[in-house]
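Undergrad: These protein sequences, in sequence, are chains A and B.
Heads up, the first sequence is in the working numbering, so the first residue is 51 and it goes up one at a time.
Heads up, the second sequence is in the working numbering, so the first residue is 29 and it goes up one at a time.
Among the hints, erroneous ones may be present.
Claimed, not checked - In silico DSSO-like pairs for lysine-lysine, Cα to Cα no more than 30 Å straight-line:
(1) A:Lys171 - A:Lys112
(2) B:Lys32 - A:Lys171
(3) A:Lys112 - A:Lys178
(4) A:Lys129 - A:Lys112
(5) A:Lys129 - A:Lys171
(6) A:Lys129 - B:Lys32
(7) A:Lys178 - B:Lys32
These aren't lab readings, by the way, just hints derived from the structure by calculation.
If you're wondering where the values come from, they're calculated on a predicted model, not measured in any experiment.
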Amino acid sequence: MDRTTPRARIVSSPIDLGELLASVADVSCGATVLFVGSTRDQNEGRRVVELQYEAYEEMALKEMERIGSAAEAQWQIGKIALVHRLGNVPLGEASVAVAVSAPHRSDAFAAARYAIDQLKKTVPIWKKEVFEGGEVWIGLQGTSTTTNEKGR
Amino acid sequence: MVVKVRFFAVLRERAGVTSAELAFDRPPSVNEAWELLQQQYPALGPFRECVTFAVNRQYVDSWHPLHDGDELALIPPVSGGCDGEDC
Chain A
51 MDRTTPRARI
61 VSSPIDLGEL
71 LASVADVSCG
81 ATVLFVGSTR
91 DQNEGRRVVE
101 LQYEAYEEMA
111 LKEMERIGSA
121 AEAQWQIGKI
131 ALVHRLGNVP
141 LGEASVAVAV
151 SAPHRSDAFA
161 AARYAIDQLK
171 KTVPIWKKEV
181 FEGGEVWIGL
191 QGTSTTTNEK
201 GR
Chain B
29 MVVKVRFFAV
39 LRERAGVTSA
49 ELAFDRPPSV
59 NEAWELLQQQ
69 YPALGPFREC
79 VTFAVNRQYV
89 DSWHPLHDGD
99 ELALIPPVSG
109 GCDGEDC
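If we strip away everything but chain A, and leave its shape as in the complex, we get (with noise of 0.2 Å):
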């Protein structure tokens, strides 16, 4: 499952934070802004189970990757990646990261910030929340055709 392209990655198994940190790494930058997003044990309200992650992966890593590179041309920075987790997520681990290094704060912690944002807008990956009761496709709410009863 793990794809991988010069800014972004998409994997299986937990996401090496340490690793994420050391690719971006750059003697020219004094800033490394890292965004970290983990799985809850609560959600509106519903007690978390369990964290599924799918993703369109050919075009979730080719978005993820046009991010990166859109980042690097708007600010002034050194190296960014970006990493996607796919499948079961446990609570409390990530599911997704976003590392930036820059000769300066104030453009790592934008670049990430838009990084992160757009992500979430646009990169093809698709969460499902399973609670207690039942199962549900984060997105999709308002609509009665999501909540999938489980009957438990």
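Put chain B on the given structure of chain A with help from the hints.
TA: Just chain B, lined up with the frame of chain A:
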């Protein structure tokens, strides 16, 4: 001409398939392909308002023309949802 269709997430579950092939006499638009899909998989109907489309791994509008061998992907709302602030 034949178009390959890929289904993901909630649409994959509702349609009960991960992929399908559609045959046309002449090049259809994405929207015409969707109409045919809706006939073959009626459970997709309620999702017309929230689905977006990608052809050969690029987002396209529903009037985009399809060609022989194209890969059409049905893209339900992505995991960040509308507000993108879930973590």
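Undergrad: When you check the alpha-carbon spacing of Lys129 (chain A) and Lys32 (chain B), does it fall within 30 Å?
TA: violated, 37 Å
Undergrad: Does Lys32 (chain B) pair with Lys171 (chain A) here, judged by a C-alpha cut-off of 30 Å?
TA: Given that 30 Å is the threshold and the Cα spacing comes to 25 Å, the pair holds.
Undergrad: Please verify whether Lys129 (chain A) and Lys112 (chain A) have alpha carbons no more than 30 Å apart.
TA: holds, 17 Å
Undergrad: Is Lys112 (chain A) close enough to Lys178 (chain A), meaning Cα to Cα at most 30 Å?
TA: Judged against 30 Å, a Cα distance of about 22 Å means the pair holds.
Undergrad: Has the given pair, Lys171 (chain A) with Lys112 (chain A), been kept, meaning a C-alpha gap of at most 30 Å?
TA: Holds - the C-alpha atoms of Lys112 (chain A) and Lys171 (chain A) are around 14 Å apart, at most 30 Å.
Undergrad: Hint check: Lys129 (chain A) vs Lys171 (chain A), CA-CA at most 30 Å. Holds or violated?
TA: holds, 22 Å
Undergrad: Has the given pair, Lys178 (chain A) with Lys32 (chain B), been kept, meaning a C-alpha gap of at most 30 Å?
TA: holds, 25 Å
In the structure shown, a violation is registered for the earlier hint numbered 6 alone.
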